[in-house]
Amino acid sequence: MNKRLHYVIDGDDFTSAGQASGDVKKVLKTLGVPSEIVRKASIAMYEGEINMVIHADGGVIDVDIMPDRIVMALKDSGPGIPNVEEAMQAGFSTAPDTIRNLGFGAGMGLPNMKKYTDSMEIDTKVGVGTTITMTVKIV
Amino acid sequence: MKVSEIAEILNAEIVAGKELADMEINSACGSDMMSDVLAYFKDQGILLTGLVNPQVVRTAEMMDIKCIAFVRGKRPDGTLTDLAEERGIVVMLTDETMFTACGLLYSNGLTEAGRHE
Ligand SMILES: Nc1ncnc2c1ncn2[C@@H]1O[C@H](COP(=O)(O)OP(=O)(O)O)[C@@H](O)[C@H]1O
Ligand SMILES: [Mg+2]
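Going line by line, the protein sequences match chains A and B. Residue numbering for the first sequence follows the working numbering, starting at 1 and increasing by one per position. Residue numbering for the second sequence follows the working numbering, starting at 140 and increasing by one per position.
Isolated chain A (complex conformation) (with noise of 0.2 Å):
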């Protein structure tokens, strides 16, 4: 059952983000795959989405469903996270409060990302952008 999918993410709009990570759980469930397994795959993608588009202007998201694993790699060209210690850190943010308006900017987007998947890189330079990409095992 490899499948691959690719989305754009638009930076500008807030009102879509999440789309991506609905049609991936969508795909992920059709596919048959365990509900407690896409649920961990789309609430880590749906923050990394969403950081992406409040942190980042958008970016572009690539899956990989293979039989015993899904990876997610969500590879931005935003201003890059100057220190990855302390963005993973429970609470550590630098949303604005417009964001915090949202209901985002808790701090707890990173921090959820690593708790529901079983492995995650993160590859990020100042000024030219952030790949993270996330493992969840299927089996």
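Note that these hints are calculated values from the structure, not bench results. Just so you know, even glycine gets a beta-carbon here, dropped at the ideal spot from N, CA and C. Be a bit skeptical, because a hint or two may be false.
Stretches of chain A that chain B covers, calculated by requiring three or more beta carbons in the stretch to come under 8 Å of a beta carbon on chain B [as the list claims (entries may be wrong)]:
1. 21-29
2. 62-73
3. 105-112
4. 121-135
We have chain A; now place chain B with the ligands onto it with these hints.
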């Protein structure tokens, strides 16, 4: 507790997912921060919130939350209710405040959603 009973307790109007009124809801969480919902709650059930934007429905969708109650008389627009309808998520509107809405459901036997550590 059925969706219809919750609507009755909250004196709420159901504006999306009317056909799901018989669905059973066994837990609840109340928050205006979607980040916190995504971080801390692990059950399905009902989400009570005073935040009105389509990301509330997206959050519910990712979390397998089946029902959203907007408190304090907040009224979502058609984009939000259409999205919920499409996803099979119930949306109801109540004039109660967050505190009172949660209190009413709690005292009628609905308990907190399971929590991640
Ligand atoms: N794709 C990204 N590009 C640039 N900075 C990011 C990105 N993702 C996260 N960050 C930084 O890491 C911080 C923590 O992220 P996160 O845990 O998701 O919390 P939040 O999004 O609520 O601020 C953000 O506030 C931001 O400074
Ligand atoms: Mg975030």
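Failing hints, ascending? Hint check: 2 and 4 fail, others pass.
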